[in-house]
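Those protein sequences? They're chains A and B, same order as listed.
All residue numbers for the first sequence refer to the numbering used here, where the first residue is 674 and numbers rise by one.
All residue numbers for the second sequence refer to the numbering used here, where the first residue is 1441 and numbers rise by one.
These are calculated hints, taken from the structure and not from any lab test.
Don't take every hint at face value.
From chain B, some residues computed to sit far from chain A (all C-beta separations above 12 Å) [what the hints assert, rightly or not]:
#	residue
1	Ala1445
2	Thr1447
3	Pro1482
4	Ala1507
5	Leu1509
6	Lys1550
Partner residues are not named here, just some residues of chain A that face chain B (Cβ under 8 Å, in silico) [to be verified]:
#	residue
7	Trp709
8	Val710
9	Glu711
10	Pro712
11	Ala713
12	Arg723
13	Arg724
14	Arg727
Beta carbons are placed, not taken as given, at the ideal position from N, Cα and C, and that holds for glycine.
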Amino acid sequence: MLNRKDHHALRVRLPGADAELIAKRLSELAPHTPLWVEPAGPSTDPLSARRRARETTRPVPPAAGVRAVLIEYSDGPADLVLVAHRAAVGRSALRRLAAALLGETEAEPIVPAVPSVSVVPAADTGSDVRLPVVAPGWGMGDPRAGDEVREHRLALPAGTAADPASWLAAIAVVLARYSPEESQESVTVGLFDAERPGPLRAATANVAAGTLGDLATRIAQDLVMAPASAPAPSVGLVVDVSEEDSEDLGADVESTPFLEPPFPLTIVLSRMAGGVSLRAVHRLADVGPQMAAQFLRHLAHAHRYVAVTPDLPAVRAGLYDAAELRRIRELGLPPRALDTRPRRIEKVFAERAAETPDAVALSDDDLQVTYRELDEWSDQLAHGLRGAGVRDGDFVGVCLDRSAELIAILLAILKAGAVYVPMDPAYPVDRLAYTTEDSGIGVLVTRLAEFPAPDGVQAVTPDRISELGAPHERTGPPASAARPADPAYVIYTSGSTGRPKGVLVAHANVISLLDATRDGFGLGSADVWTFFHSIAFDFSVWEVWGSLLTGGQLVVVPYWVSRSPEQFRALLRDRKVTVLNQTPSAFLQLVAADRGCHDQLAVRLVIFGGEALETPALLPWLDRYPESRCRLVNMYGITETTVHVTEQTLDRGMALCGSRSVGRPLPGWNVYVMDAAGRPAPPGVIGEIYVGGAGVALGYLGKPGLTAQRFPADPVTGERLYRSGDRGRLRPDGMLEHLGRMDNQVKLRGFRIELDEIRLVLVESPGVTAAAVMLRQEDPDDPATARLDAYVVLSDGASTADLRQHLARVLPDYMLPSTVTALPVIPLTANGKADLKALPAPVADPPTPAETVESTGDEIADGLLEVWQEIFGFPVRVTDDFFALGGNSLFAVRMAAAMRERGMPALHPRTLYLNPTVGQLTIALR
Amino acid sequence: MRLAAKTAIITGAARGIGRACAVAFAREGADLVLIDAARDLPGVPYPLGTASQLAHTADLCREQGSAVLVRHADVRDLAGLEDVTQEAYQRFGRIDALVNNAGIAAPSGKAAHDVTEDEWELMIDIDLSGTWRMIKAVGKLMTAQRSGSIVNVASTAGLVGYRYFAGYVAAKHGVVGLTKAVALDYGPSKVRVNALCPGSVRDDHDAEGRMLSEIARSLDVPVADHEETFRQAQPMNALIEVDDIAAAAVWLASDESRQVTGSVLTVDGGFTAR
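Chain B on its own, in the form it takes in the complex:
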C-alpha cells in the first residue's frame, strides 16, 4: 500500500474530487481527517456538500480499514482550521499529507466588470485564501516533522483563461503561484507542495460531484451541450473522471513522488497541451 501508516487531511471531502481522493487514500492505507463546511454558504448560488455526504465519505473510508476523523470547518475560518489540525495531531500523532481541495465554481458566468465586489471577494476568499489558510494551519507541523506533502487542487483555470470566469480563473492562477512559492519555503524542511490541475471532470454518480453542472448553469447552457463541448476540447476525447484526479493525488502524497515539489500536474486529457 502506497500510503500505509500515513495520515492525510482532505478538505472539501463531502463529495466529488474530495470524496474520490479520500476513498483512494483509504484504499492505499492512509488514515484520514475529512473536512468540509458541510453547509450552504451565502453568496454561493448552488447547494454545497452536506453533513450526510461527508459522513458517507467517512463510511466509505472506514470500509477500507481507515481510522477517520470527521470535522465541519469553513476554509474562511483560520481558528477553526487550526483547531481541527491540532485535534488531528492529537489523534494521529502526525500529518503526512494535505489535499487542499475545498473550493467553489460560482458565482461566475459574467464579464469581469459585471462581477460585484462581494462576489469577487467570496471567490478569492474561499478558493485562494482558503488554500493558504489550510497551509498556514498545517505547514508549521509538517515543517517541524520534516516531512509532508501538500496537494493543492487548482484547475486548468489556474493555467489558462475561461470566458466569464474571471474570479475563478484569478483564484486558481493564485493557487498555482502560491504552490510554487510555498514549495520554495518548505523545500529545506522536506515538505513538498504541488498543484494538481484537473480539466473538465464528469459529475460522477457515486462521488456526487456537481461542478460541471454548476459551471454549465452559470453559463446558461444545457449540461449535455457543455459536456460535449469540453469532451471535444480535450484531445483524449473524454471527460476526466474523479478517480483520475484521485490517482494523481495519491501519487503526489506518496513517497513515490519524493523529489516532486513546486510542480503543476495537469490531468486534463491534453486540454492545455494546445
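Excised from the complex, chain A in its bound form:
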C-alpha cells in the first residue's frame, strides 16, 4: 500500500495540448517516464470531473518517481496532471516540471532517472504502516463513510496574513474551544510540510494563558517532529505555496499537496497571487461535513483576532460573527412556534369541567370522581382554605399520600389564589421540616399526626378544610385576584451541592407546556393517565395537569403499587391506561414484569423523563409493542424549566445505535449549549445545557443570589435562561444530546471518566437489563484504593464472568470496573431514579487471606504468587481473584513492573482482566 500522504499532485488546465510535444519533453526530462494520454468526454461532464479527481488521488509507485497524465477532452481543452512522491520530486520541482513540459521555461532535467525495477518494490511494503488516525470527539464523522474525502473552501479577504504561526495559533484557539473537556494548557496542533517528506510536526501550546501574539510565537518555537507512532493531531495546517506564482501556468491550476489528508481535519492555506484561500479537507469517517465547514468559518474569524489584536488574551478570541451567533441561536429553537396565551391552571380546568362534566376525572381504587364532582369538591375546599386564613399569593403546604383527595386539595389551593408546596409523606422528617420552614407556609394540609410543624404553621387535615368549606357548597370558587403570571407551585429540588431549593413555577408555564404538547401527543378525553410519581417530584405536575387539563382520566397509583412492577402492570392493564410517564429506571422494571405476560397493555404513549435514557434497553419493549402501536418519547427536562424541555420520539433504529438524542425543544422552549465561560459552544461540541423560553421558572424561593446565578440573561435576546448543570451538545442538525450531569465526570488515576458512558456500555452488553456504576475510594488518603464498582441486573443465563469478558473487549482499560455485582434489581429513589446511595457493597469482598504461601512447582505460578503477595501485602492462593482481592489497574501496573524485574513474561492489563487468578494467568502467560 502506497502512503498517499507522501504523494502530491498538480493539475494544469490547457486550452489544448500537443501530446507528442509534451511526451518528447518528458522523455528528455525524465527518461522512463511515459506520458499517459487519456481521451475523455466533454471537460464539463461529471464523468470528466471524476476522471480528474481519480488522477489527482492516485499515488505513484516509488520506482516511477513521477506520473504524467494528459486528459484530452472531446470539447478541446486538456488537463496535464502530475503526481509525484515528495521524496522523488518536491513541490516546487513539480511546478518547474509542469512549466518545462508546457514550454514555459527552459527544460532542465529535474527528475532523477528511474531504473527499471521489479513489479513489487520491496521498500514499498514498508510504508504500509499508516499513522493511526483518531477521529476527534467533536467531529461527528460517519464511521460508515469509509475513506470518502470531502473538501470545503473559504475565500479570505484581501490582505489576510498567510504566516503559518498565526494560523497555527488560530487553530489552537479554535481547537481549545472544540475540546473544552481536554486540557486547555496543552492543545496540540499539527503542521504538514508540503515541500518535503517526513513526519508531521506538532506543537503543544497553552491556550489558557498569554496573549494571542505569545501563542503564535510559542507555537512557532515549539514545533517538533511528531513521533511516528503517535496519532496525528486532530487538526493540522498545510501551507501550500505552489499556487503563489500561478500566472506562469495559467489561471486554472489545482494544487493537491497530499493525496490523502494527513490530519483528521486538514486545513490547507493556499497563497495565490490574488490573496489567500482556505480549505478544510477531511475523511467523512473522521469529521462530518457540517463540522468541517463550521470549523473553517470559526478559524477564519479567530484568525482575525490573532492578526488584529495580538495583545488580547488567547482565551478571549472570538469564533463567531453576528451571523454565526444567530445561526447557533436558531439551531436551538423549536421547529414551530408556540400558540398559547397566559392563563391559570384552575381556569383551564373549569373549562374542561364545563365541557365534559360527567366524564371521569379521577379514579382512586373504587372511588371515581367526575369532572363536575371534582370541580365542586375543590370549590368547597377552596372556601375551606379561605376559612383557614389562606389568601391570594399565600404558600400552602400539602403533605398527603397520592389520592383523589390530594388532587382536590391542590386544585383548591389554586382556586384560593394560593401556591401549593407539595411534600412527600415518605420523605424523612427533617426534610419535611426543612421544606416547611424554608417555604414560609402558613397553612399545611396533612394527615400525618406527627408532622413536624414549627410554630406559626397551622397543620390541618383535609377533613377540617372540608368542614370549614361546608357552608359554601355549590357556590362556585371563592373570589380571587390571582393572575396567570403568579406562581402555581414550589417544588424542592436537591441539587448536587447545598440544601434543597424551592423552585417557583408560574401558572402560565404549565399552560404553555400543555399547549406545546397537546396536539403533538394527541392528548384528549379518551386518554387514561397514571398518577405514579411523588407529588414532590415535578414529573407529577405533568401527570396531574396533563391529564386534568386535557379532559383525560387520572388513575391514582398507591405507593405500594408504584413499588411493585407486577402490581403496577396489573393496574395498567385493568384500568386500560393509555398515557404512561416513567423514569427509565422504573420503566425497565416494568418491561421485565411485562415480558412474560400473554395479554397486552393499552398504553399508546410512553413519556420518559427524570433521568438519562439508555435507548438500547428499550428493544425488549419494542419487540412486544411496536412503534405503530405505542409511541415512545424521551423528554429532557428540569424542574426549573417546568418539567420538560425537548422531545424525541424513539424508534428501533435509534435504540439499536444507542442514540443519546433528546430531540428538539418544545414549541416555546429553546436551548443553548454554553462553554465554561458562558459563551455559546460551537454546534457539535460538548458543553453545559442552558434552557430559555416559556418554561423558565420564576426563580428560587427566597434565594435572589442563587436565582441570579442560575438564571442568567440570554446572550442574544437578554431574556432569562436557566443554567442546567447538564452536559450536552447541540448537534449541527439541531438535535440536543444529553450526556449526563456536568458533575458526573470523575477522574480516576488521571483519566477523565464519564460514569454514564460506562453505564451505557453495561446496559448495551448482552444479558444486562439494568445497570449502575459508581466510583468508590476505600481509603480517602490513598488514590490507589479508588475503583469503579458496577452493578447489573442480569437476564437468565447471563453471568458476571461473561460480562467481564465482554467489557474487556469494549472498554478501554482505565474504564473497566474493578467489581461487577449482580443484583435482582437496581434500587430506586422515591422519585424513581437509580439510587446510588442504596447500592450494597460489591459482592467480591476480599476473601480471607491464605495462611501461607503455596508452592505449585510451576515457575510462572510461583513467581506470580510472590508478586501478588508483594503488592497486596498478604499471602494469596492460586484460585484467588485479583479484583476480589482489591486489585485495580494501578496494582496491575505495579504487578507488571514487578514481573518485569523478575524477567517474567510481559503482562497486558487485558490479559489480567480476562484471567484474574494466578491459575488462569499462568496458563495465559505460558
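The hints should help you fit chain B onto chain A, whose structure is shown.
For chain B alone, kept in the frame of chain A given last:
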C-alpha cells in the same frame, strides 16, 4: 458505485464475456487494464478477437468515465504479462481485481484419442496455463498490497464433462482446481480467488462473442439447433447473456463478496443442478 477507485485487469477483453465485464466494471467506477492477444493464433481454427475490437471495448469503458490502459498480450507469454502488469502498476498505483477471462473453445469436437498432441497442448497452454501465468504476474503485487480479487472465468465444463471436448473440459476442470489451491495460498494475504462458471452463453451482437457458434461448428451442428439443445438443457429455459456473467464478476470483484474465496459460482440457468 461498487468498484469506485478500483483498478481491474481483464484478459480476453476484445469481445464477448471480456468486453461485457470491462463495460460493467467501468460502469461501477473501476479503471481498467484491457488485455487481449488481438490476433489469430496458429492452431486455433476460428478468428480470435482483433485490435479493433479491443479498442472498441476501451472506448465503451471511457464513455463510462474510466481511465483505460490497452495492451496486446498473449497469455502464453509470461514475460509479456509481467511487463503489462508492471506498466499497469506504474499507471494506476494498485491493482484490485483480475478477471482471468482469455481462453479458446477449439480445437475440439473429436474423441480423446483423435486429439493430436499439439491440439492438446495448445488448449491446456492457453486455457489452464494462461490463467496460472496471469496469476503469477499479478499475485505477487496483490499479496503485497494485502488486497485483491481474482476471478477465473472457467465454465460448466470445469464441473461436468462434454462429449468431444476432452481438452477444454480438462483445462477448465484444471482452472477450478487452480482456483481452490490459490485461494488457500492467498487467503492469509486477504487476496480472494474465485471461479466463475458460465453455462451456454448466447453470442451477443454488441459484445461480438462467438463462442457458441464455434462450439456448434466444432460439433458440426447448425448454430440454431445447438442453441435450442442448450436452451432446453438449462432449467431456466434460456441461454445465458454476457451481462449475466459480467454481473457475477462485478460482485466477485467488489467488497460485497469480501468473505467469498475458493468458491465456484455457476451462472448456468441451473444446468449443473441436475
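Name the hints, by number, that the structure is in violation of.
The structure breaks hints 1, 2, 4, 5, 8; every other hint is satisfied.
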